[in-house]
Each structure stands twice: as structure tokens, then as C-alpha cells.
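**Q** Chains as they are written, first to last, in numbering that gives the first Met the number 0: chain A, 0 to 228; chain B, 0 to 259; chain C, 0 to 46; chain D, 0 to 302.
Bear in mind the hints are in silico, worked out from the structure with no lab data behind them.
Quick caveat: nothing in here was measured; it's all calculated off a predicted structure.
Some hints could be false.
[Stated by the list, open to error] Here are the simulated BS3-like pairs of lysine-lysine, each with C-alpha atoms no more than 27 Å apart in a straight line:
hint, chain 1, residue 1, chain 2, residue 2
1, B, K136, B, K177
2, D, K125, D, K1
3, A, K16, B, K136
4, D, K68, B, K95
5, A, K26, A, K16
6, B, K177, B, K95
7, D, K1, C, K40
8, D, K76, D, K125
9, D, K68, D, K125
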Amino acid sequence: MNEASSSLLSVTFATLKKDIRLEWRSKDALNSMLFFSLLVVVIFSFSFDPLAEESRLIVGGLVWVAFLFAAVVALNQTWARELRNQVLDAYRVSPAPANALFLAKVLGNFIFVIVLEALMTPLFVIFYNLHVLGPAWQLIPLALLGTWALVVNGTFFAAMSLRTRNRELMLPLLLFPISIPAVLGMVAGTTAVLTGDNPAHFYIVLLLTYDVVFTTACLGLFETILHAE
Amino acid sequence: MLPCAWNHPLQYTHLSIGVPSKPTNSVSEPATTNIIVRDLVKQFGRFAALRGVTAEFAAGRFHAILGDNGAGKTTLLRALAGLAHPTRGEILIFGKSPQAACREIGYMAHPSLLYDEMSGMENLRYFAGLYGIAGDKRSEGVIRSVGLDPELARPVGQYSQGMRQRMSLARAILHDPKILLLDEPFSNVDVHSAREMVTLLRSMRDAGKTIFAVTHQALLLEGVADEFIWMQAGQIVDRTDSVHGPRLSTAVNTQQAEVL
Amino acid sequence: MNAIKFLAAAYIATWLIHGTYLTTLVGRFQRVRRELAELGKSGQRRM
Amino acid sequence: MKRGFIILSVITACLLAYAGYQALVVAPTERTMGDVQRIFYYHVPSAWTAFLLFFINFVASVQFLASAKPSRQAVAKWIVIAIAIIGVIAAFLPAVQEQLKSTGMRPSALATTVLMLPVFYFLIGKWFPGQRLDMLAVTAAEVGVVFCTVVLVTGPIWARPVWGIWWATGDIRLTSTLVLWLIYVSYLVLRRFSNSAQTQMLAAALAVFGALDVPLVYFSIWFFRTQHPQPVIGGGGSIDPRMLHILLINWVSFLCFAFLVCWARFRLELLRRQVEDEYAMESLGEAASTGARASLPLKRNAS
Chain A
0 MNEASSSLLS VTFATLKKDI RLEWRSKDAL NSMLFFSLLV VVIFSFSFDP
50 LAEESRLIVG GLVWVAFLFA AVVALNQTWA RELRNQVLDA YRVSPAPANA
100 LFLAKVLGNF IFVIVLEALM TPLFVIFYNL HVLGPAWQLI PLALLGTWAL
150 VVNGTFFAAM SLRTRNRELM LPLLLFPISI PAVLGMVAGT TAVLTGDNPA
200 HFYIVLLLTY DVVFTTACLG LFETILHAE
Chain B
0 MLPCAWNHPL QYTHLSIGVP SKPTNSVSEP ATTNIIVRDL VKQFGRFAAL
50 RGVTAEFAAG RFHAILGDNG AGKTTLLRAL AGLAHPTRGE ILIFGKSPQA
100 ACREIGYMAH PSLLYDEMSG MENLRYFAGL YGIAGDKRSE GVIRSVGLDP
150 ELARPVGQYS QGMRQRMSLA RAILHDPKIL LLDEPFSNVD VHSAREMVTL
200 LRSMRDAGKT IFAVTHQALL LEGVADEFIW MQAGQIVDRT DSVHGPRLST
250 AVNTQQAEVL
Chain C
0 MNAIKFLAAA YIATWLIHGT YLTTLVGRFQ RVRRELAELG KSGQRRM
Chain D
0 MKRGFIILSV ITACLLAYAG YQALVVAPTE RTMGDVQRIF YYHVPSAWTA
50 FLLFFINFVA SVQFLASAKP SRQAVAKWIV IAIAIIGVIA AFLPAVQEQL
100 KSTGMRPSAL ATTVLMLPVF YFLIGKWFPG QRLDMLAVTA AEVGVVFCTV
150 VLVTGPIWAR PVWGIWWATG DIRLTSTLVL WLIYVSYLVL RRFSNSAQTQ
200 MLAAALAVFG ALDVPLVYFS IWFFRTQHPQ PVIGGGGSID PRMLHILLIN
250 WVSFLCFAFL VCWARFRLEL LRRQVEDEYA MESLGEAAST GARASLPLKR
300 NAS
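Using the sequences and the accompanying hints, generate a full structural model.
**A** Below you can see the structure in the form of C-alpha cells.
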């Protein structure tokens, strides 16, 4: 048991290191994500030209929709890398645990999306002239938990849609319906903090529950998905 | 679990370059059966790649798998590697399922199974981690054994086809498997490199490995492979000692002659 | 009176949906049956 | 088999006609909503049927996933039994009974509902071995989506005259049904677009995800609503026993109808797979049938 968990950890970190190195060399995912969400911000700012009070109400939705779409771009990239030269098969014939691959991918995507959020948030603040009325520190757990919720299911469904025809299209089709409670939690929670009208605690608990439930489910089922053929 | 114990340190480090010499299969030990395939069926919707393959293969021999496109060679190899789950039937490798025996199996596919953006050594270091092999010594040794330079910093994507095939082979033998499954190891490789590779494979067979190679260049393996397995329409139709040996099916004979 | 219109709309919609689905089912059945018949024929030819 | 199907369809047709007559003509007109309320006799049974079918899909999917490995099967079996035992005990705990009182549900009703889980689980596992589990899952999902569509179409038609709006975003039942519908549509899309050798496992995994998602959707919308009060909330109150009676008749007839459709769909799936298998054998058969291969050397030693 101990050896198995240590091999899980070591393979996870080896894979994560490899992914980050590959991303660093090509910068495919990060560049496309960044540019994509920049476009979203600009286009949204053209389509809505709100006052400060109004923007507080809508910006929670805008931010998360932008990040959601940007995350989908990144999620499609992570597995595409493994499909080139069918490297995934090399992983599948090795004795390394399937969940190590999954965890590495989730952590990698999590880091990418968090970096993206850190870079994009100032832009949103500038474009929408934001001024937070509620306790601003609550945005941090909301962002972390919400991003994890998107990324954990997104990585799973991206792996699932690998095995389908027109896979780039499949990912949002599978991911969005399942993510509805998480998106609701993120958007409503962010809005609650921005307006300061009601407490965001419940949404943090909701996201936490969502994360725990789906992380467990993903870890339980990923092996089946990876080896389904 | 322990990282693989090396039963025999690299015995094939010296590449003898040139045309393979005459048959070495004067091996007369009673070969033990260690790979059993029973009534294997693999169906993809309206198409069946394997339709009831039943066979037993002996250890320590070089098997060449021949057949037309779509005869089910690659699927059989993938099933042996544990990549494709059979729709029906079973495979036993040393009495275990292919997944359970994965440490004994080295798999080399037609694509390189390597990351194009990383150098050969970086690739092998990562895959060694998957098998729990610590340290770079083993990886360096394996790269040398296939006739490449571990110091080469170029990413694999910029290798020539022949180098890439060899690096791919290095990845497959990294954990010193007892069974090697090779899918088209000589395709798109010039004759010279192909011959080198054949020599290398023969020396590995002599070191006690069981080798399965799917190939279209059967003549390359004449005198090297111990057995030729002929596949057609998702079944094994014949097993012979030589490419020109007696065959049950004349249909295969003529078709194969065209390929050669 | 307005209420009756909504009621009628709901009924028509319900049975329209079920009817459409049943029609597609029948169509799929016919196609499968045809394919099965063709398979039988070509199988006999082979024999 | 075929005669049974015809007899059942005749019975179902009669039942549906009778239930329709009861709902449209005999049932008393509701005081505040008027005749529009009669939509309920179609809407509610369809919803119950759809939920039942999705539940069957979930159970079949879990069974299918479990059947891939014997060890997993044992674990799944004990989890199901444990859930049933805990549920039955919990239903009679005083704390839970307090909670139930507010919803008007009796503890025995909850206990029976929870007991349904192992019963379904084992019966489905017994009646639908191996591949049939997957066929049952497709059947249930597809017919369930049809019934769910009916619910989603009739819902707004009822809401418009009664609430004055077509759609109330914050309403739990409306929104969670919509999400359920979306999940199962994506399930069907996945089945359509994945490569045939892998479809079944992927679909089963997605079904499990969908089932996990439903309580969370319900929970999140419930809270969302309590935070943001909605202008309209469907009226509660007790139901006239005559209405309940007619509702139940309608439910029985819709269940029969759903069963009939499922039967047909299941037959179709059986035929489809038969065609697939025969095609698969055919696709390679032509080449293989040219020579006789009775005596293959199965084992060769070094000679």
C-alpha cells in the first residue's frame, strides 16, 4: 500500500513536470487560452457598457463564462499532446497507476487556469471599473474551488471525449451539463461577494461538496476510461 | 513492487553491422509454452478485426507475424500488449492477463510513442519513472545498445525515421521485458538500418527474449525468425518455419509474394 | 376559454412528441430488418 | 413474444383512452387554475415515468461498470445493501422523522423508496446479464429523454396561463428537470459519437456522473431560490382524492405505455446488435471462407 501510494506520487510529479516542460517549450495551451479570454473580455466590454452598480451584478457571470471557455481550450490541449505519436499507449502498457496520470493532468490544468485567472482578473477590474463591496478575501476560496471543479471534471471528460469522433466538440457537450451546479455556485458566490448583499459561505460549501464528490468519482472511474477499448 | 530485476545485463550492446548471417535457430531445447491465446475475438461495431484466434507460443523464440492489411496483425499485437480488450476469449501470458504481466511486455507501435518535443534521454527518463526505474544508467545503456548517443540534445521530432525507430525500440526494451511486441519495426527505414535492427533483435532473441514482429518485409527476417505466423481475415491461417516453407494456404502464398 | 387553448396545446404537444418518437422507431426497425434480410441473402450466396 | 406485445399494446391503448377520458371530462375542474390544471394529468405521470427510467439507466450503468471486474461487483453489491440498511434505519430515527413531517412524507414511504434500490439493483442484474445491461441502459435513457421532453414542453404551457410567465429560472423542479434532460441528451450524443468498441464503458461512466450531479443541482437551486425569492411559486395544499385517483390511473397507463415503448426499443437494440455481429463476421468472412482450415497446428515446438 505504501509503495503503491509512493509510486502514485512519484509518477504524478514526473508526469506533471513533463507536462509543464512540454507546455513551456510549446506554450500552445497558455497562449491560446490567454488570447481567447482577452478576446472575450474585449467583446463583452463592447456588448455591455454597464455602470459600476450594474457591472457588479453581471461581472460574476462574465468572468466565469470567460474562464470556462478558456479552460475548455486548455483541456482539449492537454490530451491532444498525449495523442500525438500515440504516447498514451506507452503509458497504458506501463505498470504506472492510471490515477497518477489523471492527477498530474488535473494539477497541470489547474495551474494553467489559475495563472490565467491571475492574469485576467486585473483586466476585468479595469474594464468594468470594479469595486468589491463584500469581503474580498472570499473570492480566493471561490476561485480555487471553482477552478478545481471545472478542471477536475473537464480533464475527465476530455479523456472521455478522446475516444469519440469530433472530440473537440464533445468536451463542452459533456462538461457543461454536469458543471451547472458548480457554475451556479461560482457565479452566484462571486456576485454575492461583489455586491456584498448576502453571504457567500453557502456557495463555498456547495463548491467544496461538488469538488469532493466529483474528485472521488473521477478517481474511481478514470482507470475504466483510460483502458476502455 | 521492486523495479525490474535485471536477469541478464545488456548482452546485446555490441552491434554487429551487416547482413545477418545464416540461421541461428539451432536452438534445440524443448521450448516452453508461455503465451496462450484462446478463441480471441475483437469486434469494432460492424467490423471484426480478430475472429477466433487460438494459438500457443513458445518462449525464447522470434515470431514474425505476416499478412495483408486488415488481417488483424496489429490488433492481435495490441491485444497481447493489453491495449485492446478482447470482445471474447482470453490471453494468458505466463499464466497472467496481459495487464497483470505488463512488466514482462515491451511494446513498440508503428507511431513512435515518444514526445516529439523532448530529447531521447528526457523521454526515456520519463518512461523509466513509469516503471519505477531510478537513475539514468539504465536509460543510457539502452540508448547505446540501439546504437544512438544518449548525449544527443535534439528533440525526437527532429530525428531521422531510422533514429526514431531505434529510439522507439529503446523505449520498448527499457524495463528489460521478457516479451517484445513490435509493430512494423522496419517500416520507412532504409535497408541498412533495417538490417542493423534485425541483428539487434536476433541478439535479443539469443539473450532469451520472446519476440513478436509484425512486418511487411518478411524477407528481412528469413533465417532470423524462428517461426512465421500467417494471418488472414482475423485468423491465424498457417505457421511455418521459413518464408518459403510449406504452407497450408496457397492463397496466402501468392498474396504474400506480391508484397515481397 | 383561453385555458382550453393551452390545455389543447399541451395534449397535442404530448402526443406529437410520442408519435414522432414512435415513427422514428418504426423507421429504424424497418432499416434493421432490411439489413438483416440483405445479410441473409448474401450469406446464402456464399454458401 | 409477439402475441404478448400485441395484447399489451391493446390493453395500453384502452387504458390510455380511459385515463384520458377521466382526465379531460370526469375530473373536477380546479377552482383557481381552471381547466389548465388538467395538464397535470399528463405532465406529472410523464415526469414520474421519466425519473423512473433515468433511475433504471443509472442502476443498469452501475451494474455494467461493476460487471467488468468481479472484485468491483462485490464492492458494489455491499455498498447497495449498506445504503438500503442505513436508509431504512434512518427513516425511523426521530431526527429524520421531524424533517419528514415538514414535507408530509411518512417514514414508511421513505423506507420503501430506499428499499427499492437493492431490489432494482439485483433484479436488473439478474434479468439483464452482460451486454443486455448496456442495452437496457440505452433503452431507458432514450425513452426517458422522450418522456422528459414531454414534461419540459407541457410545463411551460401550464405555467404561462397560471404564473403568467413561460419559464421561472429559479424554480427547482423546472430547472433540475431541464438539467437532467441536458445530461441525458449529452449521454445519447456520447453514445452516438464514440467508437463502437468503447461506447459502453464511457456511457456507463457518464451515467454515474449524471446521477451524482442531480442531487447537487437540486440542492444548489434550492439554495439559490431561498436567497433570491421568486415572484411565483407553485401552490401547495392538499389534493382532492378524486383528482389523486385519476392521477394514479393516468400514471399506470403511462407506465404501461412507457414499458411498451421500452420493449420495442429493446427489441430494436437486440436486432441492431445482431446485424452488427453478422456484418462483422461477414466483413472478413468472404476472404476466410475460401479455404478450409480444419487442421491448424496450434502448438509448435522448436524442431
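**Q** Could you run down the list of hints and mark each one as holding or not?
**A** We went through each hint and held it up to the structure:
1. Using a Cα cut-off of 27 Å, the hinted pair K136(B) and K177(B) holds, with the two alpha carbons roughly 20 Å apart.
2. For the hint pairing K125(D) with K1(D), the CA-to-CA distance comes to about 23 Å; that is within 27 Å, so the pair holds.
3. In summary, the hint linking K16(A) to K136(B) is supported, as the alpha carbons are separated by about 21 Å, within the 27 Å threshold.
4. With a C-alpha separation of about 15 Å, the suggested pairing of K68(D) with K95(B) holds against the 27 Å cut-off.
5. A threshold of 27 Å between alpha carbons decides the hint, and for K26(A) with K16(A) the separation of about 14 Å falls inside it, so the pair holds.
6. The hinted pair formed by K177(B) and K95(B) meets the criterion: a straight-line CA distance of about 14 Å does not exceed 27 Å.
7. Note on K1(D) and K40(C): the hinted pairing holds, with a Cα-Cα distance of about 24 Å set against a maximum of 27 Å.
8. The suggested pairing of K76(D) with K125(D) holds, with an alpha-carbon distance near 13 Å, which does not exceed 27 Å.
9. For the proposed pair K68(D) and K125(D), the alpha carbon gap of about 17 Å is at most 27 Å, so the pair holds.
Against the hints set out earlier in the document, no violation occurs for any number.
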